[in-house]
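Visitor: Quick one: dock chain against chain with the hints and give me the complex.
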Amino acid sequence: MEKTVNQKAWFLVLPVLLLVAFSAVIPLMTVVNYSVQDTFGNNQFFWAGLGWFEKMLRSERMWDALGRQLMFSGIILAIEIPLGIFVALNMPKSGFWSSFCLVLMSLPLLIPWNVVGTIWQIFGRVDIGLLGYTLDALGINYNYTQDILAAWVTIIVMDVWHWTSLVALLAFAGLKSIPDAYYQAAKIDQASRWKVFRFIELPKMMGVLMIAILLRFMDSFMIYTEPFVVTGGGPGNATTLLSIDLVKMALGQFDLGPAAAFSIMYFLVILLISWVFYTVMTNLDKREG
Amino acid sequence: MADMTVNKTLSRGLSLPKINSRLVVMTLYLLFLLLPIYWLLNMSLKTNTEILNEFTLFPRDLTFANYATILTDPAWYMGYVNSIIYVTVNTVISLAVALPAAYAFSRYHFMGDKHLFFWLLTNRMAPPAVFALPFFQLYSSVGLFDTHIAVALAHTLFNVPLAVWILEGFMRGVPKEIDETAYLDGYSFGAFFVKIFTPLIASGIGVAAFFCFMFSWVELLLSRTLTTVEAKPIAAIMTRTQGASGIDWGVLAAAGILTIVPGALVIYFVRNYIAKGFALGRV
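Line order of the protein sequences matches chains A and B.
The first sequence: position 191 = 190 (numbering that gives the first Met the number 0), numbered continuously.
The second sequence: position 48 = 47 (numbering that gives the first Met the number 0), numbered continuously.
So here's chain B without its partners, still in its complex pose (with noise of 0.2 Å):
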């Protein structure tokens, strides 16, 4: 009896701390993560006289009219329009063309198979500083600078590659031998990839539609080489910020706190899938 109260109390002592070190590490690494982010928050409900003049950790005098400055003015709210639109059509245009591409690099060798999709992957690679110029020129010439539509195609350089190498990975958990079955069952290959097969890798299209979401919607030379009004994203609106005056700090704050919103709503929807979706599906 004696034996097991210590025991007992041996190894909830030795659990103990380890149980304490795990929170302390998370904590910590947390708040490093959190703290800058915090600061941004807080200098956004702030005014300029408050960030510039006094070092406060909240604000002391909480306002929104940074806020309603971004919402209230067109020039503004547009580009948050702007980018979410142009980073939707990317994602639909991406999928649209990785899926098919993916189901054969999953299912089938065929002639060039390996070259072609490391040739896929060197896109991914390409710095979007030595395409910037190129792409200007190119939408220029054929009339589609300054559209959603260039953003869109531009941003697919590097969001097709990693959308068939995601798709890629999930497709491949997918037996073969449900295509089969389908096949004997009589169901055509369009029939059978949209009835069937899609469901199956559902997850895996909403992880793909996920990072093509966040790598359009985090990038910003190529967007803000290839638009001037119509299309400008908000992340280039934002040096609007730096006047004759000085910066609008406040404005600046809230304007970033805005564009953490849709990324962090978007997580929200994936959360189960992100560290699997980071993975590329191969775990």
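Same shape as in the complex, but just chain A (with noise of 0.2 Å):
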């Protein structure tokens, strides 16, 4: 659709602008404040310049929690996006099973993210957890508090279950929007089930797929909650991710300077890496309009 210019659209965007103004730049303001500043208690500050900045730069404990942040968002990405895809196509299409499916799907998206964690901390219990007891008396040797892998397995197999569902509706959302007429043609040359995937099902999931892909990225990256719950960043600093290895400095340490300097320098890499997504994505929307 054309648009047509008009600056007084202005005017509509207003209320927005100051209440994001208010809950996003007041406060992004004051972690800038205290990246440059050092104190010494009493709420007196002193410029610092970039030190934080060259500080963090230099720590092994950042870089090592990043490490670790885009291993598990890959690790997620690689197995969340194509099994949502396989079972969107297995979705039955219409009718009561296919609203019983979204329903039951849906589920987990709306549990509060601490009571994912309490969930699978306790199905992963060997004591008194579903998953735990099985594994144990199968003879394999499962614990999460100990053993670093059980940790990271467990917490992958968590946000799989959490968020496997969100790719699932999407690309549900993609599948749906595509005419019969489409598969027609397909039956009429014949086309393999394969190739009616990779031509006609997958470059229609494109768009939604990206939204996919953009939301889990952002989502999987900023992640603190669940794993927290779980595993509390351990066993030792295993499972220690960004989110959760900067609340530990900036709530728990009070290390404002270097926390606040982490955290901009954190808010860039989301930034850089979803712009590219954003931009990918305004032009696939572009071709297709």
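There's no promise every hint is true.
Pairs of lysine-lysine, PhoX-like flavour, derived with a Cα cap of 20 Å [as the list claims (entries may be wrong)]:
no.	chain 1	residue 1	chain 2	residue 2
1	A	Lys175	A	Lys186
2	B	Lys175	B	Lys194
3	B	Lys175	A	Lys2
4	A	Lys175	A	Lys203
5	A	Lys92	A	Lys2
6	A	Lys92	A	Lys186
7	A	Lys247	A	Lys54
8	B	Lys113	A	Lys2
9	A	Lys175	A	Lys194
10	A	Lys7	B	Lys175
11	A	Lys7	B	Lys113
12	A	Lys203	A	Lys92
Simulated from the structure, these hints should not be mistaken for laboratory data.
Guide: Have a look at this one:
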């Protein structure tokens, strides 16, 4: 749809602007403020320049957390996106069973994040959890509070459990928008199941899949509550992801300067990657429209 | 004749396993989703002795005492009330400011519109962990600490951008001729927006409300940081179960189950729009 130029539209955007300025710009400026100052307590601050940034860039702690974070986001995207598409392809297209599946699949999305953590914390316990008990009975040594591999597997399976439905629902919405004529044409051409997927379904899903990847990337990169409840960042620091490390630093140790510098770099990384996704996405939008 | 029957059985033979494989995939997936929830439900209906001493797949000693504990103690159930209050306030605020903005983005070009839109989205990308401490100081300094409105305002950080994003997608689907006709008919902008436009995008508003509800309901880091007593959300109260004598597993499980209920109710109401909503109106 072609839009008309109208500068008065700014008035319609004004309320959002004021609200977001209050709830985003002011806090963000506070962070920027802290990141360039140092304090000896008593609310006395002095200029520290870019020292905190330098310190954080040299600290192994941040790079380790970033590495773990990238690994976590990478693994869950590699599992959730294909699995979500696969589930969407197998969902009933319409009728009662379609709604039935939709409702049940959305259920994990509406559970408070710490309850998600609690569910898996209990589920994986060897003494009272179904999963831990079963694995233990099968003779598999599974203990997510001691073993690094078990801890990682637990938080990844938990995230797959929690969010695959989001990808599946998005892919399902994309699939439903494909007109029947496409499938009929494919049938006449005797296209194989794979070719139908590759040349009809996948291109038509691209738009929504980009939204899925963008949302999943952002949210997994900011994840805090669920792994914190399950593993508390341990064993050792094995599952200390970026947000967990940041909260430890800012609210636990009250290292305001380093934490603020950390925050800003953290935000910039997310912004950069999201900007790439967003650009790709709007280009896709344009090509379709 | 014989040919046809052969054909029929052949096609049936081919189509049957296909249906079955779908059924198997969906059953396995739903089982994977529901098993952990079932386990929580199972635990919430047991006594603590049964939880800790026996391993049972269903409660042998069915008890509702865990639920009774929560529903009779104001310290517990006020957590639900608090959560519902700030989630509702947040949804109302988010929609009220997002509606006109989404209309502007979907209908007009204006100076800096694209940058503004991306800047809004960046707030959806901001990690709550980054904002926890500044929010704490901001709301303490304006005297809003430990109030429902503080949490509601804090959650607009990620809900407003999302609501604008969703509503813009739905509004783009409404032909512009409708606006023009209404203006020709002498409607003012306000009257047009309320009487004609809003009913047209009612499903979009429903979906946006659903998402605001969802993300405000499930968030814990900010709501926990901004509250102590008066507006403490249920999710934060759940840590109470860790007493001196260990964790009260039954009550913890019951509290968890009760946090799932409002979400399940909301899903039921929007079930026909969920898929389109998750696509942010862009299918």
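Visitor: All the hints need checking, so say for each whether the structure fits it.
Guide: For each hint, the structure was consulted:
1. A:Lys175 with A:Lys186: 18 Å, holds
2. B:Lys175 with B:Lys194: Distance of about 16 Å is within 20 Å: holds.
3. B:Lys175 with A:Lys2: Answer holds: B:Lys175 to A:Lys2 is near 9 Å, not above 20 Å.
4. A:Lys175 with A:Lys203: 10 Å, holds
5. A:Lys92 with A:Lys2: 35 Å, violated
6. A:Lys92 with A:Lys186: 18 Å, holds
7. A:Lys247 with A:Lys54: Distance ~17 Å between A:Lys247 and A:Lys54 Cα, so the pair holds.
8. B:Lys113 with A:Lys2: 13 Å, holds
9. A:Lys175 with A:Lys194: This hinted pair holds, its Cα atoms lying about 18 Å apart.
10. A:Lys7 with B:Lys175: 18 Å, holds
11. A:Lys7 with B:Lys113: 16 Å, holds
12. A:Lys203 with A:Lys92: 16 Å, holds
The structure is inconsistent with hint 5 alone, although it conforms to all the rest.
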